[in-house]
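Protein chains in written order, with our numbering: chain U, 4 to 427; chain D, 4 to 427; chain F, 4 to 427; chain B, 4 to 427.
Bear in mind the hints are in silico, worked out from the structure with no lab data behind them. Check the hints yourself; a few may be wrong.
Put simply, identical chains are the same to the list, so a pair is met inside one copy or across any two.
Lysine to any residue pairs mimicking SDA-like chemistry, simulated, CA-CA at most 20 angstroms apart [to be verified]:
{"#": "1", "residue 1": "Lys273", "residue 2": "Ala17"}
{"#": "2", "residue 1": "Lys359", "residue 2": "Glu75"}
{"#": "3", "residue 1": "Lys241", "residue 2": "Met270"}
{"#": "4", "residue 1": "Lys358", "residue 2": "Ile6"}
{"#": "5", "residue 1": "Lys358", "residue 2": "Val146"}
{"#": "6", "residue 1": "Lys148", "residue 2": "Leu361"}
{"#": "7", "residue 1": "Lys8", "residue 2": "Gln35"}
{"#": "8", "residue 1": "Lys139", "residue 2": "Lys421"}
{"#": "9", "residue 1": "Lys10", "residue 2": "Val307"}
{"#": "10", "residue 1": "Lys10", "residue 2": "Asp130"}
{"#": "11", "residue 1": "Lys8", "residue 2": "Lys110"}
{"#": "12", "residue 1": "Lys245", "residue 2": "Ile6"}
{"#": "13", "residue 1": "Lys409", "residue 2": "Ala312"}
{"#": "14", "residue 1": "Lys139", "residue 2": "Phe26"}
{"#": "15", "residue 1": "Lys358", "residue 2": "Pro244"}
{"#": "16", "residue 1": "Lys409", "residue 2": "Asp366"}
{"#": "17", "residue 1": "Lys273", "residue 2": "Asn240"}
{"#": "18", "residue 1": "Lys139", "residue 2": "Thr422"}
{"#": "19", "residue 1": "Lys148", "residue 2": "Gln365"}
{"#": "20", "residue 1": "Lys152", "residue 2": "Lys358"}
{"#": "21", "residue 1": "Lys212", "residue 2": "Phe65"}
{"#": "22", "residue 1": "Lys241", "residue 2": "Gly272"}
{"#": "23", "residue 1": "Lys241", "residue 2": "Pro66"}
{"#": "24", "residue 1": "Lys8", "residue 2": "Asn316"}
{"#": "25", "residue 1": "Lys359", "residue 2": "Asp130"}
{"#": "26", "residue 1": "Lys212", "residue 2": "Glu75"}
{"#": "27", "residue 1": "Lys245", "residue 2": "Leu361"}
Number of protein chains: 4
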Amino acid sequence: MLIEKYKIAEHNDALMATHRRAFDYIAGEIPQTTEILQRLAAFQVGIPSWALGTGGTRFGRFPGGGEPRSLEEKIEDVGLLHQLNQSSGAISLHIPWDVPSNAAHIKAVAAQHGLRFDAMNSNTFQDQPGQQHSYKFGSLQHVNKAVRKQAVEHNIEVIRHGVELGSEALTVWLSDGSCFPGQLNFRHAFQNTLEGLQEIYAALPDNWKVFVEYKAAEPNFYSTTVGDWGQSLLYANKLGPKAYSLVDLGHHLPNANIEQIVSLLLMEGKLGGFHFNDSKFGDDDLTVGSIKPYQLFLIFNELVDGMDARGMNHNTDLGWMIDASHNVKDPLEDLLQSVEAIMISYAQALLVDRKKLLAAQQDNDVVTAQEILQQAFRTDVRPLVAAARLQAGGALQPLALYRSEKVRANLVQQRGLKTMATGL
Amino acid sequence: MLIEKYKIAEHNDALMATHRRAFDYIAGEIPQTTEILQRLAAFQVGIPSWALGTGGTRFGRFPGGGEPRSLEEKIEDVGLLHQLNQSSGAISLHIPWDVPSNAAHIKAVAAQHGLRFDAMNSNTFQDQPGQQHSYKFGSLQHVNKAVRKQAVEHNIEVIRHGVELGSEALTVWLSDGSCFPGQLNFRHAFQNTLEGLQEIYAALPDNWKVFVEYKAAEPNFYSTTVGDWGQSLLYANKLGPKAYSLVDLGHHLPNANIEQIVSLLLMEGKLGGFHFNDSKFGDDDLTVGSIKPYQLFLIFNELVDGMDARGMNHNTDLGWMIDASHNVKDPLEDLLQSVEAIMISYAQALLVDRKKLLAAQQDNDVVTAQEILQQAFRTDVRPLVAAARLQAGGALQPLALYRSEKVRANLVQQRGLKTMATGL
Amino acid sequence: MLIEKYKIAEHNDALMATHRRAFDYIAGEIPQTTEILQRLAAFQVGIPSWALGTGGTRFGRFPGGGEPRSLEEKIEDVGLLHQLNQSSGAISLHIPWDVPSNAAHIKAVAAQHGLRFDAMNSNTFQDQPGQQHSYKFGSLQHVNKAVRKQAVEHNIEVIRHGVELGSEALTVWLSDGSCFPGQLNFRHAFQNTLEGLQEIYAALPDNWKVFVEYKAAEPNFYSTTVGDWGQSLLYANKLGPKAYSLVDLGHHLPNANIEQIVSLLLMEGKLGGFHFNDSKFGDDDLTVGSIKPYQLFLIFNELVDGMDARGMNHNTDLGWMIDASHNVKDPLEDLLQSVEAIMISYAQALLVDRKKLLAAQQDNDVVTAQEILQQAFRTDVRPLVAAARLQAGGALQPLALYRSEKVRANLVQQRGLKTMATGL
Amino acid sequence: MLIEKYKIAEHNDALMATHRRAFDYIAGEIPQTTEILQRLAAFQVGIPSWALGTGGTRFGRFPGGGEPRSLEEKIEDVGLLHQLNQSSGAISLHIPWDVPSNAAHIKAVAAQHGLRFDAMNSNTFQDQPGQQHSYKFGSLQHVNKAVRKQAVEHNIEVIRHGVELGSEALTVWLSDGSCFPGQLNFRHAFQNTLEGLQEIYAALPDNWKVFVEYKAAEPNFYSTTVGDWGQSLLYANKLGPKAYSLVDLGHHLPNANIEQIVSLLLMEGKLGGFHFNDSKFGDDDLTVGSIKPYQLFLIFNELVDGMDARGMNHNTDLGWMIDASHNVKDPLEDLLQSVEAIMISYAQALLVDRKKLLAAQQDNDVVTAQEILQQAFRTDVRPLVAAARLQAGGALQPLALYRSEKVRANLVQQRGLKTMATGL
């Protein structure tokens, strides 16, 4: 479902006086308002197709209702988000959950909603019905060449689907690893995985990238064959110029300094993509910015700084995506909150006075350096984010409009209460 | 299936010479062999009914075959383990996965295998088909009194089943908590939970105990309403003398000193039960002793020391149970390995020279204190464990016999390849 | 040194127009401005005497200059902070670093600066020259009764000093614990410690409190005898109504939910004091709010909520104190940043719409609950904090004035470059 | 002091019967005894000169007595250890704590004790009296080129000292990093550090190696410029073939899989050195094997496997060293315990049946793979270690002989009670 345009207009009108006061105040205090609004408007975050339904844990899943029953409905859901916040203009598909049997049709549906196809995601961490070989003991790392071959071919098939849809990147997340000491020969697992990635790499179209995602643990609980940024970078360097690391915020050991990792990967020209979420304990896949918003800001601070240092385009040179799970929230509401948190952090990072920061660093003036970052973070940038959204035709308060329009109730009515979207 | 007695005898005969050499050597070096063998023979570890099938994570599950299709078959599986190692003489049931529709029959089946019924386990972390209220937002903590009432009644029903089977304890593990800041009022959640536990407590038969299990995180990812031993002890103290804390090795924050927690709970007279497993990252539910065997020994060292200080019976005064998940191993093999690791650690703890240890502590002789513990841990006690098993009629090498008898293949033949046991 | 009043006035005048714009905007948006300003003005954070010099690690210490050479100079430094921010109206002394040989004189110096004496701190984690017994193997836990007695007497002496100065609380932080398995009998260590605390408790004047501080690790690296809130609460409950737990933000295991601990201790009527700082890895003692400002806000959210639920006075019923170390910053600048971060978090917590929050919780409306907290946190409350400071006679921008007045340079001139304050 | 040879002989004689029983038993069970004894005898662990005195934390230091007062006395202490265990045949010096003013003399003293000089260690994490530039804000990463130059020159001076002594490696541990967000530009810090390392690299003699040590945190508490193996490997690869990573067991984030890191660094041909210690919380620098002995075994398992795969010499191709701190133990006793733990783990790793392990891995037989490792780990290999020591002329029980000879009391008498060795 989409919301009729006049309703968005009514919503905005009702909130305009308050917004105007807030915007005028902040715009009067900062010089670069226009540039920031442009940058915010250009910034688009990909929505993963598997995050449109209720998630769960190994202990269970408590589905809501009105979940999308088809790829078309998933695209519609993302379209609705994008209509509301004008910042979700891409969808990231997962094969085999979202096989586009009629690619032309699917492309047309996406185009109607102004969406493009972000990185394609393969799946070798689950067995599919009818699959010849099991991934119980890994996919690309597997001791059996036939299993590795199957996994390689699956990835190549994913690329084929992606080409049809106009995607230009493949994200490879391998759950390969081991649960017990002795289970794996780490070196053999690495070498097998590298060979498999090389075969996939060889199948990439010229304009494609491959993102090698890393993760410290889960579903394997002793070792992971692409376990940290060091391993991911090793693979990416051995693969070649089209291979990059992908950082998922939840995939690190406790206390890791993710912003430094981001900075170094950018320095090496090897940061390719980003999965946003938040966490307290592990790969909790919580709403972006809900637990450690300052860390999110610090990461964006490095992203902006590092991309500018390389002359990269903020919007197109990295793959931005949410990767979250929604166990106790309406998935669409959760995603609206996540996108908002991302836009706020990005806006704050744009506010950082980099000249002054560099000067403070050169003086070892730690106090001032901290003040500069905190000055940006403590600024209430929500009016800027709202203004950018407003200019682009979105709603001043997407979540409020989503609720007042009773979107979920409508979806339940259309799709039923017991639907369950494919995904985790 | 059971293994014919003569096959056990043959197995033992074939290994006897090697065993005898090993046993004679160790028995010649330590004075208290007879007492240790008696204690080892008496020590029984409960097997959870839900650990007899293949486990999994939110990312998937790769079932093996021959998994038990009924409560009877679960009891048979535990009976087989017990036949092999003579140390698994109890089964712990989970309601509603194991409702004993005919309790007398179930008791008889268990008796045939020499098994008793360990603590009963309730389940308010999942919704069952047809259930009136959902536990999506908790059970005993729930803001809605009707949900709390439903959870209380379920626990009372579990007690009823347990009474019929001769169990004498209820383990309450609540997944109650929250995923996001603000979701819960921590105090209200605590108070609601306490009230619910009080109603359950009131329904306990005189000879029953209730174990309040705690867990730091998962399936909730921000707060847990019974999150650590401090909270568990608060509940147990407020409930009364039949309420105890239950320690699950995997339910702690990183780096927690679990052996100290065990010691203090024993000091307070409030340690009731124990869930054995191992982990590297979180609640990984790996084979006992597979990752941190020295920690397991240190825990047993405190258990023995603390129980002896209170004159407790090692075997009957605490509830010993495995709580593990088997994602990449045959569940029965995994359980054999777990029980073996427990027996080894217990034997090592019995070897500790406590008089010398106390003397070293009194002298602040840290070096000697460490030597005493390491002396016990570095001793190869496997011949003692095997000898105790042998005396009781078990197999010298349970795992080897399990394999040579092709138990799993037989179970697959009997039960089929696609069976999937209830459980996680 | 103090800053002449006219200079503060000049400073404020120069910034007034900008401040006025900011304040008018925010005051126009929130209804309870007056009450918030009153609460902010009343809120005072104690400054520890040992945090006025440069800190260090076991790897070294890089002192700045102009550090206070005496207790009088420490009081002067706190007086200056208080003059600037009007929120640092208390000093917390540490014995034996700050023995007030002439208590009347010291009280007079403090009174000149408008300072009161916060909780007194004892030290049994270091040996002092000429001390009879060593604390190498602990103090109150020690196996030797004579050592325990010495530690008890030291604490009683600290109380005596405190009484002379008008303090009303004793903070006991014990570094007691062990570095190796076997070193300690955990139960004996607990019992010894409890007995020692009981003797100290018996010496408390009627109007005094004792705060039992806990810490997970360091300087002991295997176990700590008051290691977590559960242990601290056990001691406090066994001691009696004048005993409370003290929470130091850096003293927890990784990923601990400190705000929940705060809530539960308040629920139990046993939260007594608070040590503010921030950290990424361990007890890093970094500037408050510099790493996890949202966590700080969530803690204040629980503090306000829990204190209001018990009708407690925000300012006087808990002991608020900074406990930080300044390895790379000017200590006074660091403390100004810390107090600012505390006031901001407190103001944000006061902004939380508790009625709406409770309603959202009652509805299990997790999305709205999060929005309510984020609405408060994302609001730029700095103008409120500045306005409260302004009303009380402080500076609009304490740090900027401190710098423009070249305070550190003046202190170096007065006190020398090579001075080194007592402390860590 | 040294122990007279006849006393060692008397000690060994008295224990011989017991040792013989133990050795005969184990030698009868395992086939490769002779080869293992040879390998154990060849294996030598370097002792760091700074670990011969009592260590401490930022909270204090409780010295023992009889600590070495000079480099000669340090060498004597290591000589004594080596005399006892015949496995400590190297000493690792730290400049400026151990400047060999007369290198020829120092070499002669070492030769008398049968010691060689292991890797040299530089120090740019502390300021020395009279030093021109401070390392408060880092050394090789410093924004000021003059500071970087000073640090480079210091390292080159360390190489010069090492050349005189016959050392062939330089260990560079940089504490460079930052305590607060914003303090550093991560990329600039990396580039500056790389340039400095390149200048040091250029000064390496042909037969030298440089080890780039990494550490997650401390003394900096927000970021570290050589923070993990990924960063260390980046530097080592950019430097060239003489540069390697050095792994210190205590320098990782919680739950890191160190054995996998070891395996991958060996695979890349970039593992150069090893610092042994143990820890529970952070860089606790506890006695090797005192907390996680199974992890130590798993690491040795990878070391043996990875070195054999490359045809490396176990004893000479990697730099083995202890890096521990002794806060509550006699340093020499602590070191004897550490070396013993290392030898035990090495012996266990040599026992692993690698052919069977590989076969189990090829079959995805996780249970058997675990059994193979546990079989080695559960074997009591102490008689093998003792036998190797005996053959080489050492004591069957070094610690017992050290005690019965009252070595510490003698050292106190010779050197005094208040001596304090240079070091941490």
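Now the hints, each set against the structure:
no. : hint             : result
1   : Lys273 to Ala17  : neither (46 angstroms within a copy, 48 angstroms between copies)
2   : Lys359 to Glu75  : neither (49 angstroms within a copy, 37 angstroms between copies)
3   : Lys241 to Met270 : both (17 angstroms within a copy, 14 angstroms between copies)
4   : Lys358 to Ile6   : neither (43 angstroms within a copy, 31 angstroms between copies)
5   : Lys358 to Val146 : between (53 angstroms within a copy, 15 angstroms between copies)
6   : Lys148 to Leu361 : between (52 angstroms within a copy, 16 angstroms between copies)
7   : Lys8 to Gln35    : neither (30 angstroms within a copy, 36 angstroms between copies)
8   : Lys139 to Lys421 : between (30 angstroms within a copy, 15 angstroms between copies)
9   : Lys10 to Val307  : neither (35 angstroms within a copy, 39 angstroms between copies)
10  : Lys10 to Asp130  : neither (45 angstroms within a copy, 38 angstroms between copies)
11  : Lys8 to Lys110   : neither (23 angstroms within a copy, 68 angstroms between copies)
12  : Lys245 to Ile6   : neither (40 angstroms within a copy, 58 angstroms between copies)
13  : Lys409 to Ala312 : neither (45 angstroms within a copy, 35 angstroms between copies)
14  : Lys139 to Phe26  : neither (54 angstroms within a copy, 39 angstroms between copies)
15  : Lys358 to Pro244 : neither (32 angstroms within a copy, 38 angstroms between copies)
16  : Lys409 to Asp366 : between (55 angstroms within a copy, 16 angstroms between copies)
17  : Lys273 to Asn240 : both (8 angstroms within a copy, 16 angstroms between copies)
18  : Lys139 to Thr422 : between (28 angstroms within a copy, 17 angstroms between copies)
19  : Lys148 to Gln365 : between (54 angstroms within a copy, 11 angstroms between copies)
20  : Lys152 to Lys358 : neither (52 angstroms within a copy, 26 angstroms between copies)
21  : Lys212 to Phe65  : neither (36 angstroms within a copy, 31 angstroms between copies)
22  : Lys241 to Gly272 : both (14 angstroms within a copy, 15 angstroms between copies)
23  : Lys241 to Pro66  : neither (42 angstroms within a copy, 35 angstroms between copies)
24  : Lys8 to Asn316   : neither (31 angstroms within a copy, 51 angstroms between copies)
25  : Lys359 to Asp130 : neither (54 angstroms within a copy, 29 angstroms between copies)
26  : Lys212 to Glu75  : neither (26 angstroms within a copy, 54 angstroms between copies)
27  : Lys245 to Leu361 : neither (32 angstroms within a copy, 34 angstroms between copies)
Of the numbered hints stated above, those contradicted by the structure are hints 1, 2, 4, 7, 9, 10, 11, 12, 13, 14, 15, 20, 21, 23, 24, 25, 26 and 27, listed in ascending order.
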